[in-house]
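Sequence order for the protein chains is A and B.
Yeah, the first sequence ends on 317 if you go by my numbering, and it's all consecutive.
Yeah, the second sequence ends on 420 if you go by my numbering, and it's all consecutive.
Simulated from the structure, these hints should not be mistaken for laboratory data.
Please note that the accuracy of each hint is not assured.
[Said to hold, decoys possible] Selected chain A positions facing chain B (in silico; Cβ < 7 Å):
| # | residue |
| --- | --- |
| 1 | Asp73 |
| 2 | Glu142 |
| 3 | Val309 |
[What the hints assert, rightly or not] Subject to a maximum C-alpha distance of 30 Å in a straight line, what follows is the list of computed DSSO-like cross-link-like pairs (lysine-lysine):
| # | chain 1 | residue 1 | chain 2 | residue 2 |
| --- | --- | --- | --- | --- |
| 4 | B | Lys213 | A | Lys243 |
| 5 | B | Lys371 | B | Lys212 |
| 6 | A | Lys317 | B | Lys325 |
| 7 | B | Lys357 | A | Lys9 |
| 8 | B | Lys73 | A | Lys317 |
| 9 | B | Lys122 | B | Lys243 |
| 10 | B | Lys216 | A | Lys251 |
| 11 | B | Lys11 | B | Lys33 |
| 12 | A | Lys251 | B | Lys371 |
| 13 | B | Lys9 | A | Lys231 |
| 14 | A | Lys175 | B | Lys393 |
| 15 | B | Lys11 | A | Lys243 |
| 16 | A | Lys207 | B | Lys378 |
| 17 | B | Lys378 | A | Lys251 |
| 18 | A | Lys171 | B | Lys371 |
| 19 | A | Lys171 | B | Lys411 |
| 20 | A | Lys243 | B | Lys378 |
| 21 | B | Lys378 | A | Lys166 |
| 22 | B | Lys361 | A | Lys175 |
| 23 | B | Lys382 | A | Lys228 |
| 24 | B | Lys411 | A | Lys251 |
| 25 | B | Lys411 | B | Lys371 |
| 26 | B | Lys382 | A | Lys207 |
| 27 | A | Lys228 | B | Lys371 |
| 28 | A | Lys251 | B | Lys382 |
| 29 | B | Lys371 | A | Lys243 |
| 30 | A | Lys231 | B | Lys73 |
| 31 | B | Lys393 | B | Lys378 |
| 32 | B | Lys411 | A | Lys212 |
[Stated by the list, open to error] Ranges of calculated distance between the beta carbons of each label pair, as one might list FRET restraints:
| # | chain 1 | residue 1 | chain 2 | residue 2 | range |
| --- | --- | --- | --- | --- | --- |
| 33 | A | Arg23 | B | Lys325 | 57 to 65 Å |
| 34 | B | Val8 | A | Ala281 | 36 to 44 Å |
| 35 | B | Lys325 | A | Lys166 | 56 to 64 Å |
| 36 | B | Thr149 | A | Phe268 | 50 to 58 Å |
| 37 | A | Lys5 | B | Gly407 | 19 to 27 Å |
No experiment lies behind these values; they were computed from the predicted model shown.
Where is the CB? At the ideal position from N, CA and C, for every residue including glycine.
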Amino acid sequence: MWAEKYRPKTLGDIVDQKEIVERLKSFVRSRNVPHCIFAGPPGTGKTTAALCLTRDLFSDAYREHIMELNASDERGIDVVRETVKTFARAKSIGEIPFKVMILDEADNMTSDAQQALRRTMERYTETCRFVLCANYSGKIIEPIQSRCAPFRFSHLPREEHDHFLKQIAEKEQVKLTEEGAEAIFEVCGGDMRRAINTLQASASLSKPVDAKVVFSITGKASPVDVQKMIKTAMGGDFIEARKQLRDMIQKYGVAGSDIIRQMHTEIFRTDIPEPLKIKLAEAVGEIDYRLVEGSDEEVQLSALLAKFVEAGCDAKK
Amino acid sequence: MLYAVWTVKHKPKSLSEIVGNRESIQTFVDWVKSWDQGIPKKRAAFLYGSPGIGKTATVEALANEFRMEFVEKNASDYRTEDAINHFAGLASQYRPLFGGKRIILLDELDGLTGTTDKGGVKAITEVVKTAACPIVLISNSAYDQRFTTLRNYCLLLEFKKPPVGEVMKHLTRICSHEGIQIDESALRFIAQRSEGDVRSAVNDFQMLAQGKKQLKYEDVSWLGYRDRQDSIFNVLRMILYGKTCLSAKRAVDMADVDIDMLFEWIYENVPAHLTDPHDLTRAMNALSIADVYRGRIRSSQDWGLTRYVIDFMTAGVAMARQNTKASGWIPFRFPGRIHSLSISRADRAMQLRIGQKIKRKSHISAFRASKQVLPYLKIIFKSNIEMATGIAKWLDLDREMIEYLGGSEEKAEAIIKQMG
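Let the hints inform the model, and build the full structure from the sequences given.
Following this line, the structure appears as structure tokens:
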């Protein structure tokens with residue numbers, strides 16, 4: 001799959017997140033890495049950056065010095081006690097005296113498991129450095145946060161996004177039109193994994209990838225969309241809107257940060273009195289912050305949906 | 001119409017489909033018919049009885065059967081002068097110029113509460129006194145003090161809870177419409193549990209039976225679990241209809257579920273019970289603040305913050321009610337987030353197995369892969385055999401997985417052939 005095939009291999013390959021990459025490169029130069037938290041929305045290169053960092057550090061021997069654990073598959077306290085500890089305490093041979101443990105989706109760990117992890121991190125700092133990847137750093141317990149260097153990843157800007165996709169399209173001999181790239185950006189919003197998956201699925205139809213093809217693909221991949229949900233809410237049917245939200249999160253795995261970003265865009269496109277728009281924007285901002293703090297996605301976003309119901313009702317008056 | 005509510009979808013279309021209360025219904029029919037001979041002594045019928053036993057359904061079925069022009073209003077709509085004048089205007093004609101004979105239903109009379117609506121009952125009484133067409137009033141109780149005068153002008157008809165056998169008859173009718181086979185023991189269990197409330201029996205039945213072809217006693221007996229948890233309904237009532245902060249907060253002590261579960265119950269049921277958009281926004285905001293505190297507890301491990309979670313999820317929700325009136329009987333629903341039946345277990349298992357394969361190759365959790373990557377694979381496997389072959393090889397998928405992604409045996413065959 002292209003998302004894997006074109007994943008950057010070294011820090012030098014990463015086109016975006018310049019400040020982050022510079023700091024990581026300096027870690028490589030000094031041959032020392034602190035514990036890190038990589039926080040940010042899906043598809044912004046957190047795991048990639050972690051993998052590149054270890055590869056640059058250990059070059060060919062990187063496989064022996066790295067362990068990747070996925071907290072949403074193995075999130076219990078037992079995993080931390082057994083697997084993580086065993087890996088962390090074993091001394092490593094070679095020029096660099098530590099190994100790197102990448103804990104992906106760390107915000108899905110139970111807080112008990114995080115407590116256990118905190119002790120492990122402290123005890124075995126000499127032999128193991130942790131890189132925690134998370135959508136929301138707020139879901140990581142404070143004691144761990146304070147022991148880690150924070151890195152905040154953000155979505156790729158439009159140009160970098162287009163450039164990257166066009167490179168892939170060229171190598172795979174797929175015709176990607178300007179509108180096609182724009183459509184992908186609109187639906188995926190800079191989430192590169194989704195963008196590349198969308199490109200590949202679109203290309204599988206063996207036609208030039210234009211906006212129409214892209215929208216038909218994303219329509220199939222996730223039939224409920226934010227625009228429709230907002231329309232439902234504005235029309236006054238909160239229960240149905242919440243159901244659509246639930247489907248998006250539970251059935252199709254759309255990230256809350258993506259949903260809220262699209263809701264923000266939609267505000268200024270809807271046909272309601274101007275002052276209401278800025279009122280809604282304020283609400284979106286507040287909820288966005290609550291999400292970053294680590295609150296429950298569905299609860300927060302449905303509270304926001306209620307505000308849209310209210311706005312829809314006020315607009316009619 | 002997959003998600004149609006069965007209480008609406010299977011509403012009785014004719015009087016013969018209504019279960020129980022034969023005598024009252026006959027008296028009611030005779031009264032309506034008597035209008036053809038001129039205005040009777042009592043110009044309104046007052047139907048009263050506990051919720052969900054077919055009072056409104058009777059009026060609707062009658063209007064449908066006799067092809068009458070049916071005007072249905074909620075009693076609480078009549079509190080402004082304009083609305084009352086409109087009502088009086090409607091009531092002054094039995095045979096309007098266009099359309100058939102007219103019948104007016106004023107539902108949920110008990111929804112008129114307190115002193116603010118005192119005028120409402122009086123205005124309705126005035127209209128009834130001089131009405132030129134049949135007016136039907138519906139309420140849970142007729143013997144409320146506020147209705148003393150109004151009662152004098154009405155034909156009083158009590159509706160009683162239908163016996164278990166009658167409720168079963170109604171459910172059986174739904175079964176045959178929906179093509180569901182059900183054991184008699186299961187049917188009896190649901191009917192008995194409802195204690196004569198046909199509407200709640202149908203709601204329960206839909207929750208249990210929707211999407212199934214067959215229903216056995218084992219499938220329904222877990223409702224018994226809900227019986228033991230009956231107190232949760234009282235707790236919810238105290239919170240969603242609480243008048244003071246303290247009474248809403250006190251509800252937590254009565255609940256025998258933990259705080260997180262109680263939160264889910266409240267979160268699920270708020271929108272149906274607080275329908276005014278401003279009330280809804282306030283209530284949802286209170287829940288979201290409660291949730292923010294849950295997050296703060298998680299990251300700081302300071303359990304003392306729990307008291308604020310409780311404040312907002314109980315008192316915060318109770319105080320949100322400013323415009324929504326208590327109206328009729330709204331069933332409480334089991335938290336849908338937990339009870340999510342969106343995909344079958346077999347589907348989920350297969351998705352997770354494919355997710356595991358993706359995970360091995362691409363630094364993403366099996367869970368997330370099954371949600372985010374799998375939908376794209378389905379498209380690719382359906383539309384491009386060559387690309388699918390490459391991916392199937394790379395991910396090391398087995399036949400079953402390829403068939404699942406491709407959607408058919410033929411597709412799977414073609415892909416496997418290519419793989420060699």
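For each hint, the structure was consulted:
Hint status for A:Asp73 relative to chain B: holds, with the closest Cβ pair at about 5 Å, below 7 Å. For A:Glu142, the suggested interface contact is upheld, since its CB lies about 5 Å from the closest CB of chain B, less than 7 Å. For A:Val309, the interface hint holds, since its Cβ comes within 7 Å of a Cβ in chain B; the closest pair sits about 5 Å apart. The suggested pairing of B:Lys213 with A:Lys243 holds, with an alpha-carbon distance near 24 Å, which does not exceed 30 Å.
Using a Cα cut-off of 30 Å, the hinted pair B:Lys371 and B:Lys212 holds, with the two alpha carbons roughly 25 Å apart. A C-alpha spacing of about 21 Å is found between A:Lys317 and B:Lys325, which places the hinted pair at or below 30 Å, so the restraint holds. Note on B:Lys357 and A:Lys9: the hinted pairing holds, with a Cα-Cα distance of about 21 Å set against a maximum of 30 Å. Using a Cα cut-off of 30 Å, the hinted pair B:Lys73 and A:Lys317 holds, with the two alpha carbons roughly 22 Å apart.
With a C-alpha separation of about 27 Å, the suggested pairing of B:Lys122 with B:Lys243 holds against the 30 Å cut-off. Distance hint between B:Lys216 and A:Lys251 is fulfilled; the C-alpha atoms sit about 28 Å from each other, no more than 30 Å. Pair hint B:Lys11 plus B:Lys33 holds up; C-alpha atoms about 23 Å apart against a cutoff of 30 Å. This hinted pair checks out: A:Lys251 and B:Lys371 have alpha carbons roughly 7 Å apart, not beyond 30 Å.
Distance restraint check for B:Lys9 and A:Lys231: the Cα-Cα separation of roughly 25 Å lies within the 30 Å cut-off, and the hinted pair is therefore satisfied. Straight-line distance between C-alpha atoms of A:Lys175 and B:Lys393 comes to about 25 Å, which keeps the hinted pair within the 30 Å bound. Between B:Lys11 and A:Lys243 the alpha-carbon distance is near 25 Å, which keeps this suggested pair within the 30 Å criterion. Restraint check: the Cα-Cα separation between A:Lys207 and B:Lys378 comes to about 18 Å, which is no more than 30 Å; the hinted pair holds.
At roughly 15 Å between alpha-carbon atoms, B:Lys378 and A:Lys251 fall within 30 Å of each other, so this suggested pair holds. For the given pair, A:Lys171 sits about 28 Å from B:Lys371 by alpha-carbon distance, which is consistent with the 30 Å threshold. Between A:Lys171 and B:Lys411, the direct Cα distance comes to roughly 27 Å. Compliance with the 30 Å bound is thereby established for this hinted pair. A hinted pair counts as satisfied when its Cα atoms are at most 30 Å apart, and A:Lys243 with B:Lys378 qualifies at roughly 24 Å.
A distance of roughly 24 Å separates the Cα atoms of B:Lys378 and A:Lys166; the hinted pair therefore holds under the 30 Å criterion. Restraint check for B:Lys361 and A:Lys175: satisfied, since their Cα atoms lie roughly 27 Å apart, inside the 30 Å limit. In summary, the hint linking B:Lys382 to A:Lys228 is supported, as the alpha carbons are separated by about 27 Å, within the 30 Å threshold. Distance check on the hinted pair: B:Lys411 and A:Lys251 sit about 25 Å apart at the alpha-carbon level, within 30 Å; holds.
Using a Cα cut-off of 30 Å, the hinted pair B:Lys411 and B:Lys371 holds, with the two alpha carbons roughly 22 Å apart. Under the criterion of a C-alpha separation no larger than 30 Å, the hint pairing B:Lys382 with A:Lys207 is consistent with the structure, at around 15 Å. This hinted pair checks out: A:Lys228 and B:Lys371 have alpha carbons roughly 20 Å apart, not beyond 30 Å. Distance hint between A:Lys251 and B:Lys382 is fulfilled; the C-alpha atoms sit about 20 Å from each other, no more than 30 Å.
Using a Cα cut-off of 30 Å, the hinted pair B:Lys371 and A:Lys243 holds, with the two alpha carbons roughly 17 Å apart. About 28 Å separates the Cα atoms of A:Lys231 and B:Lys73, which keeps this hinted pair within 30 Å; it holds. Restraint check: the Cα-Cα separation between B:Lys393 and B:Lys378 comes to about 15 Å, which is no more than 30 Å; the hinted pair holds. Restraint check for B:Lys411 and A:Lys212: the C-alpha separation of about 25 Å stays at or below 30 Å, so the hint holds.
Between A:Arg23 and B:Lys325 the Cβ separation comes to about 59 Å, which falls inside the hinted range of 57 to 65 Å. Between B:Val8 and A:Ala281 the beta carbon distance is about 38 Å. The supplied range of 36 to 44 Å therefore holds. A hinted range of 56 to 64 Å for the beta carbons of B:Lys325 and A:Lys166 is consistent with their spacing of about 59 Å. Checked against the given bound of 50 to 58 Å, the beta carbons of B:Thr149 and A:Phe268, roughly 56 Å apart, stay inside it.
Our hint of 19 to 27 Å for A:Lys5 and B:Gly407 holds, since their Cβ atoms are close to 25 Å apart.
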